[in-house]
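Novice: Here's the letter readout for the chains.
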Amino acid sequence: SVSPGMLPLCRRLMVWSTAPRQSPGLPLAPCRAFSNNKIMVELDESSGVATMKFKSPPVNSLSLDFLTEFCISLEKLENNWACRGVIITSAIPKIFSSGLDITEMCGKSTEHYAEFWRAVQEMWLRLYGSNMVTVAAVNGSSPAGGCLIALSCDYRIMVENPKFSIGLNEAQLGIVAPFWFKDTFVNVVGHRVAESSLQLGSLHPAPKAHRFGLVDELVPEEKLQEKTGAVMAQWLALPDHARQLTKSMMRKAVLDRLVAHREEDIQNFISFISKESIQKSLRMYMEMLKKKKG
Amino acid sequence: SVSPGMLPLCRRLMVWSTAPRQSPGLPLAPCRAFSNNKIMVELDESSGVATMKFKSPPVNSLSLDFLTEFCISLEKLENNWACRGVIITSAIPKIFSSGLDITEMCGKSTEHYAEFWRAVQEMWLRLYGSNMVTVAAVNGSSPAGGCLIALSCDYRIMVENPKFSIGLNEAQLGIVAPFWFKDTFVNVVGHRVAESSLQLGSLHPAPKAHRFGLVDELVPEEKLQEKTGAVMAQWLALPDHARQLTKSMMRKAVLDRLVAHREEDIQNFISFISKESIQKSLRMYMEMLKKKKG
Amino acid sequence: SVSPGMLPLCRRLMVWSTAPRQSPGLPLAPCRAFSNNKIMVELDESSGVATMKFKSPPVNSLSLDFLTEFCISLEKLENNWACRGVIITSAIPKIFSSGLDITEMCGKSTEHYAEFWRAVQEMWLRLYGSNMVTVAAVNGSSPAGGCLIALSCDYRIMVENPKFSIGLNEAQLGIVAPFWFKDTFVNVVGHRVAESSLQLGSLHPAPKAHRFGLVDELVPEEKLQEKTGAVMAQWLALPDHARQLTKSMMRKAVLDRLVAHREEDIQNFISFISKESIQKSLRMYMEMLKKKKG
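Protein chains in written order, with our numbering: chain P, 255 to 548; chain S, 255 to 548; chain U, 255 to 548.
These are computed hints drawn from the structure, not numbers from a lab.
As the list makes no split between identical chains, a pair holds if one copy fits it or if it spans any two.
With a cut-off of at most 20 Å between alpha-carbon atoms, the simulated DMTMM-like pairs for lysine to aspartate or glutamate come out as follows:
1. K529 - D494
2. K436 - D494
3. K436 - D510
4. K417 - E471
5. K534 - D494
Make a model of the complete structure from these sequences and hints.
Specialist: Written out as structure tokens, the structure is:
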């Protein structure tokens, strides 16, 4: 059963550390590949590993529809006890995800901004707080929100192509990454690298990102699938219960901080994004993108 | 004078940052080597350096008796103003310490679990909060609680043998390192390495442990004593008072957190360890260890 | 208009994150080089970059006069909307700054200690919390308070001469770096390196300092100016507003902590520095310095 809206999803997540997910006494639930518009999901029940492939051309941007589908897919897997791990990757060549869809933040109503931002929060709460093992197979560039998705996984493997870059480059667009993007980033790369990278809006080529730990491993593109599978198998060799409690212990402080300031964070986003100067700078950025394509 | 129980030890520790330890006006207290059952202690009064050698065969596991003796030995040294630094090492080949003694956590009473866990806490509070310079000379493998002892020292030197490994591998046994193990670990290796190592229960070979800072230095086995002495001399060249206040400033937040949640942490341990599923997994682990030996 | 005392400066700083600094609608304020006794300041209005050169022989020590002039210069630049970035460097060969002036801490009145310490705090609050891009061009040794100035900038470039060293070496003088020196240090190099470096009072030669991130980049002395200019240009390519909000998000927790404990921190300093044992050790240190020179 899939929750249609965001609120029920959210409520379920908040109790994730106490509610047991696995019910090994029940018979295997039938579970096949399911695909909506924007994300392809396949679950291999023998290994317990699902693969989520972003396929929302041209650049897997995180629109409200995409985020909603992402959350629903994650919830389905989280509630399916046959699934213990998720690999997140892209079906679009050269791009993992381009991040938040700027059209959702431009010229829309306050209500729309609120709904959109709540969906962004929801996606992060669900992914960063997932009980499953999450591995990002970053097979293309991954700016801003795309980078956040990778940062929220347990492990990041990236194709070693130096043309692929990754980073939280919000500052380059004149906008500011919210505090929970920052907290997630600091947990991965430490304070110093996060501080300069966020201020400069740096997009780091894969080799450099690997040097300071933003990605854990680099592989040639043709080895990505094999390597990702091997890493996932290594993580799944551990007993779920101890691993999940450990993950919760590591991430709880940062998750709780957003949960405690969620409405305030939405209001901040709305008042920031509604400013005429910000709207103007986003419109200019979109114009530039269009010209690039044309 | 040696305190027989744990509570007086604990009370003394909590005032360590205000009570001056040194009384240079008093005559030299007589102090020779003392040895109980499980730990050999030698104090060189000319240098002010004590050496504690774990000698509890077969693997220096941290039983209640071992922990009690460890705490008493530390307290004796802490209160002896002729002692300014402690080197912690093993008298058993190939093993530094195998960590908490599993037999203390299996099939025992609630009261026993409480007493045992309080002793583990006491050991850490005393070692991590010690006013003395503490150097771990890790001359063998050092899993779980053994790793915690090394992490709690000021500096870690390990024999460069890649067969010796170190790490908090609790997750591999289906149990969870408590938050203060985690805090100590994060302070040494940072959030990212701690997160994946704790979830995977990783035991890192010495060279890898050195690469990400879990140990500060690697040396050939035959150079360990010389190197440890040189490092200790370097630390003792600093005035005690400034060094102690600095150490307290760095570690106080993490120490205070356990002191504030000590009873809660004991109750958590008891309710976790009393679960039949955990008991079963610990029994299986002990069976496996017995078969390995046999 | 320059505030004569410290309190008005301080009040202004506390609202820095809400009060907009730039008023692009106003005509360009006339701004040329200004120089007081101890610091030379030049503003290039075409690039928006000011250069502050310490020129207080023999070693740019941070006396009360120096700190006051430093704060006033920073405030002038901060309030001049034609200035967007500041390069901090030394006009004295081989030394960036020797840190706090020990004569200000020796044999003076309680009132003097309070005034001096308030000025040290003020300098850090102003520099670490600056809205401008701040780059340290470290062209000489930089112990203690000199290191703090470098740590408080956004980016540190150091001359690659291994004879130049940098670090918070307070412990070597028998004194203790205050918590906000420590917080700033941990934000740059992480907890482990900060803990051992602070306890040992380590002064790291430039190459080693670079290895663990205490400085971001090393260059030959003759390339320092060119490189510093290039880095500054890279930072100024970002829109000010987003960069400033990001910087504030990264540094606010640590800044707020001193603001909240400022008077307490002054009292701590006074009672520590007034101890006869500390006074004696500072007098001995000054004697040693005099003999070295003589």
